[in-house]
Amino acid sequence: MSNPKEAVKEKSMVIQKEMTAKLFKELSNTKETGKKVVYTFVPGNLTELILSFDMLPVYPEINALQSGMRKQSGNYIKEAEKLGFSEDVCTYVKCDIGMMVNGNVGPTGEKLPNPDLLLLSYTGCFTFMKWFENLERLYPGVPVAMLHTPYQEDGKMTPDQISYMVKQMKEDVIPKMEKVSGKKYDEKRLSKMLENSAKAEDLLVNILESAKNVPSPIDAYFAGVYYIGPIFTAFRGTQEAVDYYTMLNEEVQQRVGLGLGPITPEGELKEEKFRLVVEGPPNWTNFREFWKIFYDMGAVIVASSYTKVGGVYDLGFRHDPKEPLESLAKYCMGCYTNMNLPQRVKLLENYVKDYKADGFLINSIKSCNSFSAGQLMIMREIEQRSSVPVGFVESDLVDPRYFSYANIKNRLESYFQMLEQRKIIMKQEEEIVN
Amino acid sequence: MKQLDDILNYCNELAFDLNFTKAKEWKADAKDRMLVGYLPIYFPREITYAANGLAVGIMGAGDHKQIIKGDAYYQSYICHLPRGIIEMALDSSLAEFDGFIFPAICDCVRNLSGMFKLADKGKFQRYFDYPQNFDKLIGGVFYRQELEKFMDDAYKVNGVKVTTDKLNHAITLYNTNRKLIEDIYNIRQEFPWRLSAVETYKVLRAGLVIPVEKHNEILEDVIDLISDERGEPMDNIRVVISGSFCEQPPIGLIKSIEMAGCYIVDDDLMLGSRWIQGNVDDTTNDPIGALVNAFLTKSTFSSAVYDVGNPKGKRLVKLVKKRKADGVIFSAASFCDPALLDRPELMKDCDKAGIPHINFQFHENTGQFKVIKEQAGTFSDSIKLWA
Numbered sequence: 003m004s005n006p007k008e009a010v011k012e013k014s015m016v017i018q019k020e021m022t023a024k025l026f027k028e029l030s031n032t033k034e035t036g037k038k039v040v041y042t043f044v045p046g047n048l049t050e051l052i053l054s055f056d057m058l059p060v061y062p063e064i065n066a067l068q069s070g071m072r073k074q075s076g077n078y079i080k081e082a083e084k085l086g087f088s089e090d091v092c093t094y095v096k097c098d099i100g101m102m103v104n105g106n107v108g109p110t111g112e113k114l115p116n117p118d119l120l121l122l123s124y125t126g127c128f129t130f131m132k133w134f135e136n137l138e139r140l141y142p143g144v145p146v147a148m149l150h151t152p153y154q155e156d157g158k159m160t161p162d163q164i165s166y167m168v169k170q171m172k173e174d175v176i177p178k179m180e181k182v183s184g185k186k187y188d189e190k191r192l193s194k195m196l197e198n199s200a201k202a203e204d205l206l207v208n209i210l211e212s213a214k215n216v217p218s219p220i221d222a223y224f225a226g227v228y229y230i231g232p233i234f235t236a237f238r239g240t241q242e243a244v245d246y247y248t249m250l251n252e253e254v255q256q257r258v259g260l261g262l263g264p265i266t267p268e269g270e271l272k273e274e275k276f277r278l279v280v281e282g283p284p285n286w287t288n289f290r291e292f293w294k295i296f297y298d299m300g301a302v303i304v305a306s307s308y309t310k311v312g313g314v315y316d317l318g319f320r321h322d323p324k325e326p327l328e329s330l331a332k333y334c335m336g337c338y339t340n341m342n343l344p345q346r347v348k349l350l351e352n353y354v355k356d357y358k359a360d361g362f363l364i365n366s367i368k369s370c371n372s373f374s375a376g377q378l379m380i381m382r383e384i385e386q387r388s389s390v391p392v393g394f395v396e397s398d399l400v401d402p403r404y405f406s407y408a409n410i411k412n413r414l415e416s417y418f419q420m421l422e423q424r425k426i427i428m429k430q431e432e433e434i435v436n
Numbered sequence: 269m270k271q272l273d274d275i276l277n278y279c280n281e282l283a284f285d286l287n288f289t290k291a292k293e294w295k296a297d298a299k300d301r302m303l304v305g306y307l308p309i310y311f312p313r314e315i316t317y318a319a320n321g322l323a324v325g326i327m328g329a330g331d332h333k334q335i336i337k338g339d340a341y342y343q344s345y346i347c348h349l350p351r352g353i354i355e356m357a358l359d360s361s362l363a364e365f366d367g368f369i370f371p372a373i374c375d376c377v378r379n380l381s382g383m384f385k386l387a388d389k390g391k392f393q394r395y396f397d398y399p400q401n402f403d404k405l406i407g408g409v410f411y412r413q414e415l416e417k418f419m420d421d422a423y424k425v426n427g428v429k430v431t432t433d434k435l436n437h438a439i440t441l442y443n444t445n446r447k448l449i450e451d452i453y454n455i456r457q458e459f460p461w462r463l464s465a466v467e468t469y470k471v472l473r474a475g476l477v478i479p480v481e482k483h484n485e486i487l488e489d490v491i492d493l494i495s496d497e498r499g500e501p502m503d504n505i506r507v508v509i510s511g512s513f514c515e516q517p518p519i520g521l522i523k524s525i526e527m528a529g530c531y532i533v534d535d536d537l538m539l540g541s542r543w544i545q546g547n548v549d550d551t552t553n554d555p556i557g558a559l560v561n562a563f564l565t566k567s568t569f570s571s572a573v574y575d576v577g578n579p580k581g582k583r584l585v586k587l588v589k590k591r592k593a594d595g596v597i598f599s600a601a602s603f604c605d606p607a608l609l610d611r612p613e614l615m616k617d618c619d620k621a622g623i624p625h626i627n628f629q630f631h632e633n634t635g636q637f638k639v640i641k642e643q644a645g646t647f648s649d650s651i652k653l654w655a
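Quick note, the sequences are listed as chains A and B, same order. Each residue of the first sequence is one higher than the one before, starting from 3 at the first, in our numbering. Each residue of the second sequence is one higher than the one before, starting from 269 at the first, in our numbering.
Hints are computed from structural coordinates only; laboratory data are not their basis. Please read all numbers here as calculations on a predicted model, not as lab measurements. Idealized CB from N, CA, C, for every residue including glycine. Keep in mind that a hint or two might mislead.
[Claimed, not checked] What the simulated footprint calls covered on chain A by chain B, stretch by stretch (three residues with Cβ under 8 Å from a Cβ of chain B suffice, anywhere in the stretch; the number is not a length):
| id | stretch |
| --- | --- |
| 1 | 130-141 |
| 2 | 150-159 |
| 3 | 198-204 |
Please model the complete structure; the sequences and the hints are all you need to start from.
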């Protein structure tokens with residue numbers, strides 16, 4: 003099991019923590035400041051639009067994962083189950099509802115303000131709709147703005163779909179934001195923010211693609227979730243985010259120059275033995291223990307689908323200040339879980355190839371059908387197309403009852419042994435050829 | 269006229285024929301016919317009809333097929349329906365199908381559409397998205413585009429153009445179909461013993477695999493036959509079943525509830541066949557527009573549809589009152605996010621209205637009903653004794 007000693011953190015991680023703490027402080031002061039609060043989701047979020055009205059976003063799934071990391075989610079989930087929620091359903095929802103009925107105290111220990119607007123960005127996850135229908139009953143009278151994001155059924159976004167989304171923004175989302183905030187929609191301000199978004203997105207892509215180097219200077223899954231934090235949440239569109247990603251990028255490029263491996267909670271990884279692509283969200287309740295199994299074996303995640311859940315920027319999308327609403331529509335539709343399965347397979351196949359991965363691993367999440375349904379077929383497709391060994395472990399997002407350390411460790415050790423054997427055989431074959 | 273038992277036996281054969289023999293025979297009778305498989309809940313079958321096709325409801329393998337390959341495609345925590353459907357797709361059951369429609373209902377069905385694409389099953393595999401915006405000029409436009417995409421798919425298969433006349437004719441037939449189904453429910457409301465819930469289920473499910481005209485004939489015969497007294501009234505309570513709109517419970521489960529002393533006077537088992545409440549306009553020059561309008565304004569309540577502004581809890585309570593039911597049985601498939609995430613709020617609405625309720629979960633191939641029977645029996649007894 004992991005050593006509970008203080009984790010080694012990169013400077014950027016410390017700064018990110020400060021940024022988050024400041025946001026939660028600001029949220030706890032909304033009574034005094036009069037700032038309005040919008041609850042919304044990470045995938046397909048309209049952060050810049052929310053910020054352009056001087057409102058503050060709250061992301062329930064971020065609260066849930068933070069509760070998971072702070073070992074509070076188990077009790078929240080049980081509270082929700084007492085209210086009649088089945089053991090079978092999404093644990094983010096149950097954690098959020100349990101937290102709410104327990105006083106809505108956020109991860110930093112401060113009470114979160116109630117929402118003034120529920121912005122249901124219905125992107126890539128059916129459960130989001132059910133989640134906010136539930137919240138609508140729990141916060142009676144709070145307006146709900148629904149933004150239905152069409153799925154990339156044909157593997158592409160069509161002009162009709164973009165138009166549908168823009169119309170929803172113009173006719174429903176923006177008027178509700180104007181009413182709640184008491185401010186008029188300011189497209190110039192939004193465009194300015196989108197300029198910042200695009201800058202931060204360029205930097206994020208640089209950072210994530212640094213993992214193409216051998217050794218990789220980053221872990222693009224476990225550390226990756228920290229890297230995506232600001233841009234996937236409340237800071238996209240701000241100068242603060244641009245500054246953060248500039249600094250993070252410098253840190254990472256410096257590591258590339260020095261040929262260094264990634265920073266783990268126990269310091270720098272000295273030897274990169276295995277390079278993996280991972281599909282699926284991480285487990286949050288035992289995040290460090292889970293990560294430790296990998297870095298103890300010298301395994302580095304060089305690319306992951308989870309770090310694309312709030313935008314697949316490495317495929318080229320950037321927010322565009324010249325067409326702000328169209329650009330937000332494209333952003334929403336482009337998020338990973340809004341891509342169809344053939345698109346996902348292609349992306350992952352390319353990751354295995356482009357990042358020179360030794361293996362492909364799925365962490366299948368019990369309560370996230372958006373990711374999990376179809377993963378076994380994805381795994382087979384990747385195995386056939388890439389010829390790398392594939393592995394499969396199961397856990398949950400924030401329900402500690404579904405993290406079996408011994409079982410996962412056992413499976414991963416067997417998997418790493420397989421990768422090791424394959425490397426030996428490949429080396430022998432190479433020697434014979436030469 | 270046929271005897272009711274003969275009709276029911278025929279419907280039983282149709283409803284659970286996982287090789288879809290009759291549908292395939294229908295297709296083989298003419299060159300330009302096509303079969304379009306669709307999953308729960310709702311799909312506007314009228315368009316398929318007008319495109320010289322037969323929309324065939326694929327409601328899962330139930331307890332009629334042993335799942336071997338399907339289990340290798342799904343983790344234990346995914347509902348049972350898609351693994352049965354994959355099993356059928358990997359066998360020859362769906363071989364003559366030209367295309368597949370996956371209506372937007374949940375992430376499992378959505379991702380199953382991608383699995384059919386990867387496995388290259390049928391000539392098209394379409395995730396059929398429904399608008400969650402109900403403004404005619406926003407969601408209505410989007411829905412029309414979704415329908416047009418399907419028409420393009422269908423046209424590529426058999427080259428048949430959907431004309432206004434053909435589509436209006438199809439709308440008329442399906443209006444009749446829904447009306448006849450509703451007539452059966454209305455008769456059952458007064459005389460639930462005349463046609464059991466299991467029998468009703470088979471009659472409705474049979475309609476998913478045969479042309480609508482044939483199904484209308486069956487429904488008319490059934491109505492004639494149950495308009496006269498049949499069976500014996502029992503000292504049963506009256507319940508509404510809620511939450512079984514996608515993965516279907518095994519017949520044994522429905523039978524167990526009835527045997528435990530409950531008349532099932534309404535349910536959401538074959539919800540797709542009853543989705544539009546009332547008639548779709550069949551007299552316009554824009555029948556697509558009529559279908560769009562019906563979806564936006566006449567849809568029943570469902571866990572698949574965004575309900576803020578028209579909460580489904582209130583609509584469930586209204587249904588219970590309309591059917592003079594004594595209680596609600598929430599019967600959802602395990603791991604069914606839509607049904608199970610709705611359940612707590614629906615229960616609250618029932619509580620507020622003073623409607624007793626119980627709940628349980630099932631798999632389509634659940635084999636043990638003793639506990640469910642006891643639970644339903646206790647529910648029935650408690651209402652009879654104390655309500």
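Here's how the hints hold up against the structure:
1. 130-141: holds (count 8)
2. 150-159: Result for this restraint: holds, n = 4.
3. 198-204: The restraint on the stretch 198-204 of chain A is violated, since only 0 of its residues have a Cβ under 8 Å from chain B and three are required.
This entry does not satisfy hint 3, going by the numbered hints stated previously; all others are met.
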